[in-house]
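Trainee: Sequence:
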Amino acid sequence: MKKPSRMRKLLVGTIAFTMMMGAGTTAFASGGGRDHDDHDNRNKTRNYPLKLHFKDTQGKEYEWALRYIIDLASRRVFEGYDDGTFKPQATVTRMEAIAAAVRVMGLRDEAESAKAMATKLNFLDAAKVPAWAVGYVAVALENDLFGETESYVNPNQPADRLWATTLLVKALKLQNQAEAQMNAKLPFADSGSIPAGSVGYVKVAVDQGLVDGFEDNTFRPKQLVTRAQIAALLDRAGNQLPGNSDGLISGTILAPVTGSTVTISTGGQTSTLALDDDVFIFKNGSRVSTAALAIGDTVKIRYYNGSVIYLEVTQPGSSSPVTPGQAVGVRSGMVAAAVANNRLTLVINGQSVALPLQTNALFFRNGSQISASGLQIGDLVTTRSYNNGIVYVEVTQPAGSNGSQPVLSGTVSGPIAYPINNGSLTMTVAGEIRGYSLSSGAIVYRGGVLTTASSLQVGDVITAYTYNNIVAVIEVTQPVVKPTSTGDLTGTVVGPVANNVLTVSSGGVTYSLQLDPKTFVYVNGYSNVASALQAGSVVSLHYYNGVVNYVVVSQFAGGASSPLPSTSTATGSVISASGDTLVLVNGTQAQALSLDENAFIYRGGVKVASSSLQTGDVVKAVVYNNKVVYVEVTQTTSGAGQSFYISGTFNSLTFNNQGKIATISVNQTTSSGSTVTSVYPVSSSVVISGSMSGLVANHAIYLQGNGQVITSITIP
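Here my numbering is used: position 20 in the sequence shown is 25, and no number is missing along the way.
No lab work stands behind these hints, which were simulated from the structure alone.
One thing to keep in mind: the hints can contain errors.
[Stated by the list, open to error] Cβ pair distances, simulated, as ranges:
hint : residue 1 : residue 2 : range
1    : 311       : 259       : 17 to 25 angstroms
2    : 129       : 272       : 30 to 38 angstroms
3    : 684       : 612       : 23 to 31 angstroms
Glycine residues also receive a C-beta, built at the ideal position from the N, C-alpha and C atoms.
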């Protein structure tokens, strides 16, 4: 049997980088064969509507991705949603990715044919594949999109960076190179989290400039990819994707752009093209007006229904420096020209390189923040980039200076300890609380997306880049986890309690937990207030539905042990819960427990008062310092027929209007040695053994009951 061609693998990679672009609503622009003549491309007739204006991609946080989104949307590689949004932060499922890849390959008609849609899939989870997608899976399988050992489609599973990277390498027919690089050493700090069978794919992807790491030198293989990020990644490989030439014209601008036309030279011919009224023009990574276009600019143009809808300057005039395909990570060099058109021109290793700037980039020189115009030719600088654009420029040696220079930049990592307030950032670094001032234009990335400082949460683990002790750039490397269920947790307090939120680090994860105003806090073995919890202290706690019920400090910051409260756990069925006493029976022996007035009591998943406990409810009760502070009903019941025995000393009696005993009050000793007094109703047919003269204070007495009523009194 002939092995399927590796051409089938092309689909897989395209999936990885089309998947985050709304594959579910993607439409491929052309069918089978494509004519590569520019003029034929230009004059094709299209009958489909084209949407390029998305109302949620206009903010500064997505400026870096806009040109990629529009370029791909102009080819109908993907589209937005019916409500006019693009959802740049959204992720997509693997099934949506497969559909997008098949369409990009020009196989949409085949995938949506009756034959393909009637295919009986042999995957173990075939039942989970939506009916509309069966044909896409069949075509993907036929084109070697799935590996020979794969038994599942996993249609609803979100795609992560590692999956996307692997598929992109396959799409570009680099699988053999990847397999030859399986023993390569990756440069990432978290390379140990990349499976051995995937190392070669990541290595090839990095070498080809398809993907890169993050500022903290991590790859983050399991991080999900956003639609905006995937647009940029796909654009890097766009020239190698099928359909790239559809509606594409490449050339050089021959004359100043005036009015609504642009004149270019392409393939030795001169063409004058009409510009659409809403044409998207990009230069140096930013959207610009026609005035920014210059003679000699090399451009690529997308033509649609007789007008230019997308124009990007891929290379400024011939005298301009080389523009790299991407600006990532940290780069250093010497300023070679004044900042212009959102480009920073540096000499790096003897080569003049133009690096794109984010519009909100920060610049620092001689200990102070400056504007871009404050940079001088000859300055030695270090830059940091996110999402293919520089966000931070630091002059490490001003032009004309000699010798070593003071180091004013720094990097700190740790969880946020307090909410951001008045431009101050408080975080826990190496076990101690530190405070920093935020630059007025501080750049913050959370989940790989540009955001604001106000979105930072207590417990977020961040890496902050500072200049002269002022924070310029923040990246959230690990968002805080907010438990919403029920459980126990042991960890280290990250920072002081703020806004009734306790932040604890446990097992490498930071948790943000809501305190109730009546949460029990034990320090030095005794009840205390939440403000007594100090950063660095080790605590054990219990939370129910996301709210902390009790916290116990077991070790102080610095390492000294904290005395623990007297602790016990009681289980059993409720006999009675009245006032400050909870009586439980385990087996047949009842015990009385002192109930704290602020005890947390949960029945049916809801916090209730002690009076809501019913006879026969099976409960777990936690006792601290001889007081019940937590009760959870693990099984509700009517309690009918529950028999029990009680031993104690007599306290008092009450009688009804018929002169019969109505209640009996008994002193009982708890498991911790304390004494509580409980009152029980007495049956009208109670059996009394012994002399009534023995019913005097503190005389021993034995009771037997059923349900909640005493049926027998024994006076020894």
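Trainee: Does each hint fit the structure? Answer for all of them.
Mentor: Right, here's what the structure says about each hint:
no., hint, verdict
1, 311 - 259: 17 to 25 angstroms, "holds (20 angstroms)"
2, 129 - 272: 30 to 38 angstroms, "violated (52 angstroms)"
3, 684 - 612: 23 to 31 angstroms, "holds (25 angstroms)"
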